[in-house]
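S.K.: Sequence:
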Amino acid sequence: MHITLVDQSIPFDGLSAATRPLGGAEKAFAALAAALARRGHSVRAFTATPYGADIEGVRWDPLSARKPPRTDVLIAFRQPALLDFVRLADRRVLWITGPGRLLERAPARAALDTFAPLLLLSAEAQAAQFERRGLAAGLLPPAVAESYLAATPNPADPPYAIVTTHPAHGLETILDLWQNRIHPAAPQAELVLCSTILARAEAGDEAEGALRPVIDRALAARAQGVRIVRPQPDPGMAALFAGACVHLHPGHADDMGCFTLMESQACGCPAVVRPLGAALERVANGLSAYVVPDDESFANLALLLLTDRALQGVLSREAKGLYRNRTWDNAASVLEGWIS
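In terms of UniProt numbering, the sequence shown is residues 1 to 340.
Derived from the structure by calculation, the hints contain no laboratory data. It should be emphasised that the depicted structure is a prediction, and the values quoted were computed from it without experimental measurement. We put the CB at the ideal spot given by N, CA and C, even for glycine. Treat the hints with caution; some may be incorrect.
[Claimed, not checked] So the derived label-pair ranges between C-beta atoms look like this:
#1 S340 <-> R217: 45 to 55 Å
#2 E172 <-> L135: 32 to 42 Å
#3 R317 <-> V229: 19 to 29 Å
#4 S340 <-> P158: 46 to 56 Å
#5 D84 <-> S42: 48 to 58 Å
#6 R317 <-> L135: 39 to 49 Å
#7 A106 <-> Q8: 14 to 24 Å
Use the sequences and the hints to build the structure in full.
M.R.: Right, dumping it as structure tokens:
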């Protein structure tokens with residue numbers, strides 16, 4: 001089949017995830033395109049990339065490049081307005097990684113009514129947030145890049161917990177728990193905050209006003225084992241996750257990807273998570289992670305995974321096993337069944 005994918009967010013292509021930090025949604029777009037190409041399809045991907053290139057069997061082109069006159073399948077990424085990117089398409093797909101309620105907005109609903117696409121969901125939680133109104137929908141299986149699947153868990157000494165959340169999405173609470181509950185009981189442990197915003201602030205960049213208090217608090221907590229690191233390309237992130245004892249994931253109600261949570265689990269890193277967004281769908285509660293109802297449980301279980309290596313190892317093996325077969329080739333195979 002000739003398959004066309006289109007995204008209009010940021011400049012990226014099939015090499016970006018291996019060479020620079022990239023958002024989980026953009027990495028998923030590139031990974032699925034490459035997996036479809038490996039399965040023998042003719043694949044073109046249009047993004048905000050400034051240059052055209054052939055990468056892993058995919059033809060990457062800027063949005064301004066000449067479009068194909070027709071395609072067997074058009075996959076519009078996140079934006080319903082992209083469903084008309086190619087005039088003639090045998091099948092149209094809208095791949096959704098954000099909250100399902102966004103599909104209830106009038107412009108989105110108009111595009112859905114006009115093109116009747118297959119709705120490709122990232123999480124079951126999305127389905128409860130909008131009315132399908134007769135449209136077909138499918139859940140794309142969770143998948144992660146090979147860098148994470150190939151990682152070998154190797155918890156560091158001294159131990160560290162890793163946080164990848166946006167500073168506005170629960171970091172204040174994590175710092176509270178770390179400074180008042182976790183670090184006093186495990187003074188040798190570190191809290192690694194993986195954040196571009198925090199790294200820039202540490203380097204002297206002026207931060208957004210609303211985030212200033214939590215940023216200042218994070219910057220001032222070095223003596224309590226708080227360390228700030230920049231997000232890395234996939235190989236570097238895999239190493240960070242493989243070395244962590246626990247991924248602290250406060251979550252957000254609108255996070256329907258939980259991409260870093262999937263990546264850390266694939267590296268064999270246990271997690272402590274709040275039941276928000278798609279987090280429940282990314283872990284095996286009580287086996288590969290602990291899904292907790294309150295701050296007290298969050299702190300207690302984070303401390304346990306930082307200090308009890310035997311328990312940490314049990315959850316690590318479960319996390320690694322949970323994602324062993326969650327490849328993009330498998331996800332592409334499932335998608336083929338819906339678009340063939």
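S.K.: Hints first: check each against the structure and report whether it holds.
M.R.: Each hint tested on the structure:
no.: 1; hint: S340 <-> R217: 45 to 55 Å; verdict: 53 Å, holds
no.: 2; hint: E172 <-> L135: 32 to 42 Å; verdict: 39 Å, holds
no.: 3; hint: R317 <-> V229: 19 to 29 Å; verdict: 26 Å, holds
no.: 4; hint: S340 <-> P158: 46 to 56 Å; verdict: 52 Å, holds
no.: 5; hint: D84 <-> S42: 48 to 58 Å; verdict: 21 Å, violated
no.: 6; hint: R317 <-> L135: 39 to 49 Å; verdict: 40 Å, holds
no.: 7; hint: A106 <-> Q8: 14 to 24 Å; verdict: 20 Å, holds
The earlier numbered hint that this structure contradicts is number 5, and it is the only one.
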